[in-house]
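> Just so you know, the sequences run in chain order V and A.
The working numbering puts the first residue of the first sequence at 1, with every later residue one more than the last.
The working numbering puts the first residue of the second sequence at 1, with every later residue one more than the last.
Be a bit skeptical, because a hint or two may be false.
[Claimed, not checked] Computed Cβ-Cβ distance ranges for the label pairs, DEER-style:
hint	chain 1	residue 1	chain 2	residue 2	range
1	A	123	V	236	28 to 38 Å
2	A	133	V	239	38 to 48 Å
3	V	274	A	234	37 to 47 Å
[Claimed, not checked] Taking lysine-lysine and the DSSO-like style, the derived pairs with C-alpha atoms no more than 27 Å apart in a straight line are:
hint	chain 1	residue 1	chain 2	residue 2
4	A	372	A	295
5	A	161	A	127
6	A	51	V	7
7	V	218	A	107
8	A	372	V	107
By construction, these hints were calculated from the structure, which means they are not laboratory data.
Treat the numbers as computed from the prediction; the structure is a model and nothing was measured.
Note that beta-carbon positions come from the ideal geometry of N, C-alpha and C, so glycine has one too.
Chain by chain, the residues:
There are 2 protein chains.
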Amino acid sequence: METYLRKRKVLMIPGPTEVSFSVLAAMSRPVMAHYGPEWTPIITETTDMLKKVFQTRNDVFIMPGSGTLSMEASVVSLFERGDKVLSIVSGFFGKRFRDLAFSHGAKVIEHRVTFGEPIEPDAVDRKLAQEKDVKAITVIHNETSSGTVAPIKQLGEVARKHDALLIVDSISSLGGVDLRTDEWNVDVNASASQKCIGVPPGLSLIAVGERAWESMKKRKSPIPGIYMNLSMWREAAKKAGSPVTTPSSLILGLRASLIEILEEGLENRFRRHALAGRAVREGVKAMGLQLFATKEEYASNTVTVIKTPRGIDDAKLREVMSERHGIMIGGGLGELEGKTFRIGHMANTASRTYIIPTISALESTLSGLGFKLEAGKAVAAVHKTFE
Amino acid sequence: METYLRKRKVLMIPGPTEVSFSVLAAMSRPVMAHYGPEWTPIITETTDMLKKVFQTRNDVFIMPGSGTLSMEASVVSLFERGDKVLSIVSGFFGKRFRDLAFSHGAKVIEHRVTFGEPIEPDAVDRKLAQEKDVKAITVIHNETSSGTVAPIKQLGEVARKHDALLIVDSISSLGGVDLRTDEWNVDVNASASQKCIGVPPGLSLIAVGERAWESMKKRKSPIPGIYMNLSMWREAAKKAGSPVTTPSSLILGLRASLIEILEEGLENRFRRHALAGRAVREGVKAMGLQLFATKEEYASNTVTVIKTPRGIDDAKLREVMSERHGIMIGGGLGELEGKTFRIGHMANTASRTYIIPTISALESTLSGLGFKLEAGKAVAAVHKTFE
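Looking at chain V on its own, in the form it has when it is part of the complex:
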């Protein structure tokens, strides 16, 4: 029954990712209650550290859930039937945000960007001028499906200009790519534990700014329910509490990871992820593969999306990577299934230790599947990038 551990693969998928021993150790301690005098300093300290990572002085909540919860909680708490929402869609998760807004009754205007292409803030500006009365923009900071990054700073300026809220999904970027919640006018920043934060899945992380609270106060109908009701979370947090039972063991893991993140320093961490992203891209290009992102300056530093080369079966590629090399990489999502495959490099895996063997295994696998390449060239390119 316990053989599964021997079969476990190294996670070079775009999350969940490999977590530190200190995180695992923290989670393996006896369970603590999620309230009371022993817990209060822990949750307070953890929330304060998380605020630094979110780069915000506003409210931050740690909810029991996945990244989708933080997206859906922002939709449920902010949007009422008929509210106009501009959803920027540049991949699978942009669609998810759009679908959530639509499903909860918003009047959704889709701003479609060809997957792999960068988002143009000017085009969003024009769309907002044309539509008028748009209450909020939803956008994915780091689109894990297409491997591209959104220009949040510029979108924040555009949102302010049109008096629209900016709701950002930073699930696969928080703690790995610079995202200045307050400075860049991000009103809600929705994230999760299992990517660049380096904690197992199970925690939904969300930052909510003053303009978002003001907007909630102006609602005509009350926010439905408890679980996703951000105003209840705010109320309970005033006494270091929560409206529902929170996952204390995972939060101890988060605390351990945040200590490491702040010890490393955000700037250093962003630099490390940038280097890791460049190294993977150099390796991929040296193999003769093509990035899915059309402009490398908008390519993600936490996940690289690669076009599946002609004649290669993407499922077979991933199977050999996993079975022969013990490394799990990701397949394409949604309409990119089969056409792309993905390598995650986030938190601990954004390092030479993980990337060199991954690129080496990819070279070997592709070569074995009949793809023509010059053996060792990609690994050399990665090595050189790290030197």
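The hints should help you fit chain A onto chain V, whose structure is shown.
This is chain A only, laid out in the frame that chain V set:
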């Protein structure tokens, strides 16, 4: 920074509870992806074991969340605006179910039972006959705030008679008190990981039967959103998947606990909790304290709610228990705050090892606070019950 562990208390609160070393060990293993060929046998095996604990052959889902999530997901998935729902309220959590149904647009009829009193199925029967067209009944199996148990079997018969769905919250009873989901006509059984299941908080567990699926199919409007949309969970589960990222580490902990639960055997486990409940009640009565439950045959076997004796400050009582004896017990909830205090005895703590020191500490604490009692009598009563 790491001193908090020395300050950790033994959890004799009504959840979260003390978990087994095997659970902690499972959670401290390197993270696994929540999909793929390594994960599929694990989630399949875990779900199958969980079905046995739920005593169901129908669908069971493991969602990232707290107990409130499983309650709210059943409300969101089943109720449409104007649906008539009978909410049985015999404590704080019955109110929560009522509020969730109301908040999501149901027309809620409250069936109020004096807290501490048993629920009378005949009275529910009469209410249903009088109201007509009630779509569903919500009820808490084990009301953690008042320490009473609902007669689910009889309520299941009443629900069937009136063609109403029966939605049960078994958050603090699943795995500790007999609850035959299928046999007793429970259409949705909403639970969580951190009580009698013996896993840290963070997993919402839910069983959904055929009548509930049929009801969802007849909805006029689609179920809103993704996170709480049970039909999406069902669809994804067909391929051993989930609509959102699931907490793989906590699920490995759940798997470890379910192995232990099934090794112990459900019948043995229910008997152990029944004995633990009786032992605590005997101890409490021997101290001259009063149970909040008016009829002992309806008293909970997983949490004992005790009336705070006159002249005793409940907060002070809990503080001394915690600071001097290292044992955390619970305060009263909602309108019972101050008037009651609570001892949890669930999963591992439903045992002599945990109960004897708790009752000993309670004797000592109450005595120190000026409450007149005969020293050692309560501990002797507990000991005798276990012999």
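> Going straight from one Cα to the other, do residue 218 (chain V) and residue 107 (chain A) come out at no more than 27 Å?
Given pair residue 218 (chain V), residue 107 (chain A) holds - Cα atoms ~25 Å apart, limit 27 Å.
> State, for the Cβ atoms of residue 123 (chain A) and residue 236 (chain V), whether the hinted interval 28 to 38 Å holds or is violated.
holds, 34 Å
> Assuming the hint says 38 to 48 Å, is it satisfied by the Cβ distance from residue 133 (chain A) to residue 239 (chain V) or not?
holds, 41 Å
> When you check the alpha-carbon spacing of residue 372 (chain A) and residue 295 (chain A), does it fall within 27 Å?
Holds, because 25 Å separates the two Cα atoms, which is no more than 27 Å.
> Given the hinted pair residue 51 (chain A) and residue 7 (chain V), is their alpha-carbon gap at most 27 Å?
holds, 26 Å
> Do the beta carbons of residue 274 (chain V) and residue 234 (chain A) sit within 37 to 47 Å of each other?
holds, 42 Å
> When you check the alpha-carbon spacing of residue 372 (chain A) and residue 107 (chain V), does it fall within 27 Å?
violated, 67 Å
> Has the given pair, residue 161 (chain A) with residue 127 (chain A), been kept, meaning a C-alpha gap of at most 27 Å?
holds, 13 Å
In summary, the one numbered hint that this structure violates is 8.
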